[in-house]
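Quick note: the sequence shown, position 148, residue 147 per numbering that gives the first Met the number 0, numbers continuous.
I should point out that these hints are in silico values taken from the structure, not numbers from a laboratory. All clues stand as given, with none of them false.
Here are the simulated distance ranges between beta carbons:
hint, residue 1, residue 2, range
1, 144, 262, 33 to 41 Å
2, 253, 146, 38 to 46 Å
3, 336, 60, 37 to 45 Å
Calculated pairs, DSBU-like style, for lysine-lysine (alpha carbon to alpha carbon, straight line, at most 35 Å):
hint, residue 1, residue 2
4, 114, 98
5, 203, 267
6, 286, 216
7, 203, 63
8, 231, 332
From a predicted model like this one, the values you see are computed outputs, not experimental measurements. Using N, Cα and C, we set each Cβ at its ideal position, and we do this for glycine too.
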Amino acid sequence: MEEKKSAQHEARPIAGKPKKSIKGCVKKFCKNKANLVWLIIIVIVLVAAGYFFLVKNKSTDLGKDAIKTEVENYVNTNLMQGGEKATVKDVTEYDGLYKVTLNVSGQDITTYVTKDGKEFFPQALNTGESLSQNSGQQQQQQNATVPKQSVPDVTLFVMSYCPYGTQTEKGILPVVNALGSKIKFNIEFVDYSMHNDASTGDRKELDENLRQYCIEKNQPNVYLNYLSCFLKSQEPGQESACMASAGVNTTQVSSCMAQTDTQYDVTKDFNNQSTWVGGFPPFNVEKADNEKYNVQGSPTLVVNGTVVSPNRDPESLLQTICSGFTDQPAACKQQLSTTAPSPGFGGGTDASGSGSSSANCGS
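Assemble the whole structure, with the sequences as input and the hints as a guide.
So, in structure tokens, the structure goes:
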């Protein structure tokens, strides 16, 4: 009983200070015009913020069918050249985005699109590392100091059907033609191959890797002519037509391909998926150099033993390679195109942003 009385006593207002109601406080506050103005401003801000976050900032999901149409229209209007057409094979949800599988000239390319269709990403980086780690590595490669040599040694690692590898090849060919014998240049192949289809027995990239390896090894004087032709388009039988136009000894190439295939178990590994790494068959023909330079994907450019990642326009590639000369020749001062070629085969220029050093084919 005493506890109850005490509680009641504590609940009473202190003498001389009557209890204020909320209504009374608001009324008194609003009598001050300055306070009233600020109150109105605060209410307007809160309403506007609520509208922005609840309405304006709400993302729109167009749905898979609409995204399929949007991507096909965008790619065919802005990226494709020479009458080639891209088709969307599949659209799936992926980490808040839509993952879109495009088929271009018989090869599948994975791209990503925001659900409202406003942002298009040619490729997602999947490095197994944090973005900050990967960004640091890329920046390091871009800013790498190339050692000087009287004759720079330039090696470009690619997969023959990787759209970003072919993009870099198209960008570097004008540089190689401009510098000629002043540099030592060669193409090598990544030690796994992504652009085949075991379910149908399609091993086009493995075969093309072998073909180019053999042409460059045994007939280096015609290799760049063959490569230039090969990069123009991917029509059926294009390889044979390009070998004929470049003057390639096809008998020698066939013999070399068969011998190299056996020596490095190319077909054997393709047929035995237990040997595959990361879901792709190995291509071990130039594995030693892949390991030497820690090659992870296509393209990878090495100048005088240093991995570098310049943009893929001819001018950027020229300046990067020329930085490896002890004494730069006059050819380094010429101005080449500052626009990157389009990814994949054919002519045209890049409109996807993949002309920077980031987009690549890698597991």
